[in-house]
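Undergrad: Here are the chains, one letter per residue:
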Amino acid sequence: MKLLIVDDSKAMRMIVRKTLRQAGYGDLDVQEASNGKEALDKLRQAGADLVLCDWNMPEMNGIELLAELASGGPKVKFGFVTSEGTAEMRERALREGALFLIAKPFTADSFREALDPVLR
Amino acid sequence: MFDSTEVVAVTQSVWASLLEDELSPSSEQGLDPTVMMTSCVHISGAWEGAICVDCSTALARRVTGAMFDIALDEIGSDELVDALGEIANMIGGNVKSMVEGSCLLSLPAVTKGTGGLSVPGSQLLQSHVFKCAGEPLRIAILCKHTNGQTSEKEPSE
Numbered sequence: 001m002k003l004l005i006v007d008d009s010k011a012m013r014m015i016v017r018k019t020l021r022q023a024g025y026g027d028l029d030v031q032e033a034s035n036g037k038e039a040l041d042k043l044r045q046a047g048a049d050l051v052l053c054d055w056n057m058p059e060m061n062g063i064e065l066l067a068e069l070a071s072g073g074p075k076v077k078f079g080f081v082t083s084e085g086t087a088e089m090r091e092r093a094l095r096e097g098a099l100f101l102i103a104k105p106f107t108a109d110s111f112r113e114a115l116d117p118v119l120r
Numbered sequence: 121m122f123d124s125t126e127v128v129a130v131t132q133s134v135w136a137s138l139l140e141d142e143l144s145p146s147s148e149q150g151l152d153p154t155v156m157m158t159s160c161v162h163i164s165g166a167w168e169g170a171i172c173v174d175c176s177t178a179l180a181r182r183v184t185g186a187m188f189d190i191a192l193d194e195i196g197s198d199e200l201v202d203a204l205g206e207i208a209n210m211i212g213g214n215v216k217s218m219v220e221g222s223c224l225l226s227l228p229a230v231t232k233g234t235g236g237l238s239v240p241g242s243q244l245l246q247s248h249v250f251k252c253a254g255e256p257l258r259i260a261i262l263c264k265h266t267n268g269q270t271s272e273k274e275p276s277e
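The listed protein sequences derive, respectively, from chains W and L.
Our numbering applies: residue 1 is where the first sequence begins, and numbers increase by one.
Our numbering applies: residue 121 is where the second sequence begins, and numbers increase by one.
The following block holds chain W by itself, in its conformation from the complex (with noise of 0.2 Å):
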């Protein structure tokens, strides 16, 4: 199974695989973009099963990446991992096609609450 990691910080990309592998994730082959446009050129590339997705970051955020796999993309799962976890961004990310979104900081329990209904 394919993931890929969206996120413009290589520190928190670091942190999402070991929460990955903390939360029992540590067979998946996870791979990394550094923002929206190079996740779409990974994705178009080589696709992935599921997207774990930072809001926000240069060149395409989270959402504009959101919008473009809606918009006739490369179909794979989509969820966020952000720092702005308000109801009103919960809300705006279900309603583009997000299946959920884990705020930092997280844990490894907080993985497994959102990847497991997806994944397992």
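No lab work stands behind these hints: they were computed from the structure.
Virtual Cβ for every residue (Gly too), placed ideally from N, Cα, C.
Don't take each hint at face value.
A short, non-exhaustive set of chain L residues, derived as facing chain W with CB atoms under 8 Å [claimed, not checked]: (1) Asn209; (2) Met210; (3) Leu225; (4) Leu227.
Keeping the supplied structure of chain W fixed, place chain L upon it in accordance with the hints.
TA: Frame of chain W, contents of chain L only:
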């Protein structure tokens, strides 16, 4: 204005997710401006202002090493900027969540050894100093002036 207790709790929660060493509130105010780093995010919309994180370079290196899972001597400028920017993003994003109404969060900016960041047209709403392993960290919330006044669109208590 922002609930101070909530701001402190958010800061400690973010910190605890990154580093095992505890971040404790401190009564000290002074940070040596020659050996510190600052990261900052701006909030615009229903409330206008900025969230700044100042910390000693030693503490910045410590938390960067933990975030990247690398030794202190492997840390370069890119890693420091990345890590400090992400910390401001996480704390700023959570502070933004305390605002009632729609807002946008900027990408972070990071600077080193300049005595902190000046944000023209803003005034200090609150600041909190912490210590971690003897090293200082300060969170400051700055509110933007609107026509000579602080923003009338204040966040809820």
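Undergrad: Run every hint past the structure and note whether it holds.
TA: Against the structure, the hints come out as follows:
{"no.": "1", "hint": "Asn209", "verdict": "holds, 5 Å"}
{"no.": "2", "hint": "Met210", "verdict": "holds, 5 Å"}
{"no.": "3", "hint": "Leu225", "verdict": "holds, 6 Å"}
{"no.": "4", "hint": "Leu227", "verdict": "holds, 6 Å"}
Consistency with the previously given hints is maintained throughout, with no hint failing.
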